[in-house]
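*Asks:* These are the residues of each chain, in order.
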Amino acid sequence: MNFRLLSKRLLFLLMVVWAASTITFFIPRISPKNPVRERFAELARTGGFSPEDLEVIVADYSQRFGLDKPLLQQYGDYMWGILRFDLGISLNKFPKTVMQLIYESLPWTIGLVFITTILSFILGNWLGALAAWPRSPDWLKNIATSFVLFQGVPPVLLGILLIFFIGFKLKLLPLGGAYSIGTVPDQSIGFFLDVLRHQLLPGIALVLGSVGGWVISMRGMGVTIQGEDYVTFAEHKGLGPRVIFRDYYLRNALLPQITGLALALGNLVTSAIVVEGIFALPGLGTMLNSAIRSNDFSVIYGIVLFITIGIATLMVIVEFLYPLLDPRIRHQ
Amino acid sequence: MSSVTLSNTAIRQPNKVTLFFRYLRRNPSLTFGLLIMLFLVIFTVHGLLTINTKDAYPLAVRPKMPPSFQYPLGTDFFGRDLYAAMVIGMWQTAVIGVFAGALGTIIGTIFGFISAYFGGFIDAAITSICQILIPIPAFLIQVIIAGSIDKRSVTILTMAWVVLLLAWMGPTLVIRAQVLSMKERQFVSVAKLSGMTSLGIIFKEILPNLLPFIAAAFIAQVFQAVFASFYLAIVGLGPVREPLLGNTIWSAQTQGAFFNGWWWWPIGPAVAMILILGSLALINMGMDEMANPRIRRSE
Numbered sequence: 000m001n002f003r004l005l006s007k008r009l010l011f012l013l014m015v016v017w018a019a020s021t022i023t024f025f026i027p028r029i030s031p032k033n034p035v036r037e038r039f040a041e042l043a044r045t046g047g048f049s050p051e052d053l054e055v056i057v058a059d060y061s062q063r064f065g066l067d068k069p070l071l072q073q074y075g076d077y078m079w080g081i082l083r084f085d086l087g088i089s090l091n092k093f094p095k096t097v098m099q100l101i102y103e104s105l106p107w108t109i110g111l112v113f114i115t116t117i118l119s120f121i122l123g124n125w126l127g128a129l130a131a132w133p134r135s136p137d138w139l140k141n142i143a144t145s146f147v148l149f150q151g152v153p154p155v156l157l158g159i160l161l162i163f164f165i166g167f168k169l170k171l172l173p174l175g176g177a178y179s180i181g182t183v184p185d186q187s188i189g190f191f192l193d194v195l196r197h198q199l200l201p202g203i204a205l206v207l208g209s210v211g212g213w214v215i216s217m218r219g220m221g222v223t224i225q226g227e228d229y230v231t232f233a234e235h236k237g238l239g240p241r242v243i244f245r246d247y248y249l250r251n252a253l254l255p256q257i258t259g260l261a262l263a264l265g266n267l268v269t270s271a272i273v274v275e276g277i278f279a280l281p282g283l284g285t286m287l288n289s290a291i292r293s294n295d296f297s298v299i300y301g302i303v304l305f306i307t308i309g310i311a312t313l314m315v316i317v318e319f320l321y322p323l324l325d326p327r328i329r330h331q
Numbered sequence: 000m001s002s003v004t005l006s007n008t009a010i011r012q013p014n015k016v017t018l019f020f021r022y023l024r025r026n027p028s029l030t031f032g033l034l035i036m037l038f039l040v041i042f043t044v045h046g047l048l049t050i051n052t053k054d055a056y057p058l059a060v061r062p063k064m065p066p067s068f069q070y071p072l073g074t075d076f077f078g079r080d081l082y083a084a085m086v087i088g089m090w091q092t093a094v095i096g097v098f099a100g101a102l103g104t105i106i107g108t109i110f111g112f113i114s115a116y117f118g119g120f121i122d123a124a125i126t127s128i129c130q131i132l133i134p135i136p137a138f139l140i141q142v143i144i145a146g147s148i149d150k151r152s153v154t155i156l157t158m159a160w161v162v163l164l165l166a167w168m169g170p171t172l173v174i175r176a177q178v179l180s181m182k183e184r185q186f187v188s189v190a191k192l193s194g195m196t197s198l199g200i201i202f203k204e205i206l207p208n209l210l211p212f213i214a215a216a217f218i219a220q221v222f223q224a225v226f227a228s229f230y231l232a233i234v235g236l237g238p239v240r241e242p243l244l245g246n247t248i249w250s251a252q253t254q255g256a257f258f259n260g261w262w263w264w265p266i267g268p269a270v271a272m273i274l275i276l277g278s279l280a281l282i283n284m285g286m287d288e289m290a291n292p293r294i295r296r297s298e
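Each protein sequence line maps, in turn, to chains W and S. Going by numbering that gives the first Met the number 0, the first residue of the first sequence is number 0, and it counts up by one from there. Going by numbering that gives the first Met the number 0, the first residue of the second sequence is number 0, and it counts up by one from there.
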């Protein structure tokens with residue numbers, strides 16, 4: 000692979016990470032709000048200690064979190080922390096670090112996001128390719144077009160409608176939660192199926208909300224490829240429509256779609272965070288929700304930074320994989 | 000089939016309104032989008048004229064009432080008339096969307112112009128800033144900004160500003176690309192040769208030709224702004240006191256509306272939001288087709 004391109008991409012990744020972490024560092028510090036004071040003022044209101052002690056506690060915590068040092072030194076410490084995957088300590092669940100909390104909820108979100116991304120990628124591209132294929136039947140094209148209509152609707156709203164119709168009216172699937180109340184998490188198949196049942200509605204909501212984008216871009220790609228010489232040539236060679244569709248048309252149309260995969264993943268993560276909140280699923284989204292509700296700022300900033308860096312890294316990885324898939328780029 | 004008869008009347012050029020309606024017939028997504036939007040506008044305006052604004056805020060009516068003749072959309076746990084709340088919420092959504100959308104488009108257009116017209120270092124700086132910011136999920140940064148503002152002082156306009164801060168990159172890149180291609184067209188060279196000033200060329204030659212793209216970018220921005228403010232509100236970062244559609248869904252969810260059987264509480268705002276975003280997406284698709292007929296769909 001081209002070494003210069005590689006280093007350029009890595010530099011770009013570093014720039015994105017640096018920009019994201021700088022924004023997450025400076026915005027809260029520009030604002031006049033003092034997160035530590037706010038958090039403990041809330042505790043003081045609900046009772047627990049007297050308001051006079053508030054100042055002492057705030058001063059102590061500011062020192063412990065390094066908030067009394069000069070801004071530049073704080074920035075340096077913060078950046079050094081990010082390099083070591085240290086995102087600080089949770090204000091609310093005190094002894095736990097933000098990283099520990101993220102590790103606890105990450106598997107849930109990854110499971111939901113990866114499965115739905117892959118499903119909607121396959122479904123959307125397949126439908127999009129069929130919609131642009133002249134020989135496919137009309138009803139298939141209509142199905143593909145109807146998915147396009149869902150494209151503008153956020154998955155959360157589809158989720159609410161799904162909860163209402165399937166969970167609430169028909170009582171087919173649970174309204175929310177990770178597993179049925181009263182079950183004890185274990186390694187059994189029964190528990191696994193229970194979890195799956197609870198993940199079904201949010202999964203469907205996310206897939207329905209993201210298929211439309213793939214259908215649109217794949218349909219556009221398909222139309223372009225039909226005019227290519229190699230497709231005409233394959234037809235004249237007398238190859239069957241199935242072979243042309245699979246080996247000449249789909250394969251070539253699919254390539255550019257892979258570049259969009261990382262960007263789509265970014266959008267889906269955002270949607271998944273919100274969907275998790277509505278379905279009360281464990282995961283980064285619910286963690287973010289509860290952090291927002293309890294003013295746990297280090298957790299809010301930590302999650303945001305973690306997801307941003309994760310998505311930027313995935314985007315660069317996809318770009319590295321691309322030359323491996325497309326020989327035309329590899330040999331340039 | 001039927002025989003063709005030539006009429007004797009002189010051929011009249013149809014007026015602009017007729018032409019517009021004829022165009023709409025060819026562009027179904029624009030038509031549907033505009034129709035839904037028209038319905039929403041009538042609903043909101045009619046609502047604003049008939050409701051008592053106080054009913055949209057807590058402790059105004061009897062709580063937890065299912066939809067009835069008196070309260071068409073029911074009332075919620077806090078004693079808000081959900082119909083009044085929806086009307087106010089739609090109005091506020093419109094304010095956020097139009098404000099952030101318009102400002103984002105204007106800023107984007109200006110940056111796009113500067114970037115494309117002057118080129119060189121300025122162009123490189125603006126485009127690389129856009130490219131670095133685009134992979135960062137805007138929603139997450141907005142969470143940080145909205146979280147850093149004092150919750151009690153968040154208003155509808157603050158929401159619009161938060162959304163706006165990360166909403167100018169899209170139009171910047173679109174307008175830049177268009178200006179770049181337009182700069183090389185012949186009519187610009189002709190204008191240059193005939194001694195027009197740079198400002199004259201920008202305002203009299205390039206800008207009028209860009210209008211369809213700017214309009215399309217505006218609709219896209221309104222869509223993004225409504226979407227972003229909805230997401231912020233639904234995770235609980237909206238202006239807590241206002242009946243913004245996302246806020247209503249958020250409070251329904253935190254009170255366990257479905258578990259308690261108050262299904263009407265989140266459903267109304269959800270359907271309203273689907274209609275708003277759906278019509279904006281349809282209009283956006285239609286505008287794209289209008290601005291760039293070459294990407295017409297192949298159906």
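Quick caveat, the hints were computed from the structure, so don't treat them as lab data. Warning: the hint list may mix true and false statements.
DSBU-like, lysine-lysine: derived pairs with alpha carbons at most 30 angstroms apart [claimed, not checked]:
1) W/68 x W/95
2) W/68 x W/92
3) S/53 x W/92
4) W/170 x S/63
Coverage of chain S stretches by chain W, computed from C-beta distances (three or more under 8 angstroms per stretch; other residues unrestricted) [stated by the list, open to error]:
5) 73-87
6) 215-229
7) 232-243
8) 275-289
Note that CB positions come from ideal geometry on N, CA and C, so glycine has one too.
*Asks:* Next, verify each hint and record whether it holds.
*Replies:* Structure-based check of each hint:
1. W/68 x W/95: It holds: about 23 angstroms lies between the C-alpha atoms, which stays within 30 angstroms.
2. W/68 x W/92: holds, 24 angstroms
3. S/53 x W/92: violated, 40 angstroms
4. W/170 x S/63: Given pair residue 170 of chain W, residue 63 of chain S holds - Cα atoms ~22 angstroms apart, limit 30 angstroms.
5. 73-87: violated (count 0)
6. 215-229: holds (count 3)
7. 232-243: holds (count 4)
8. 275-289: holds (count 6)
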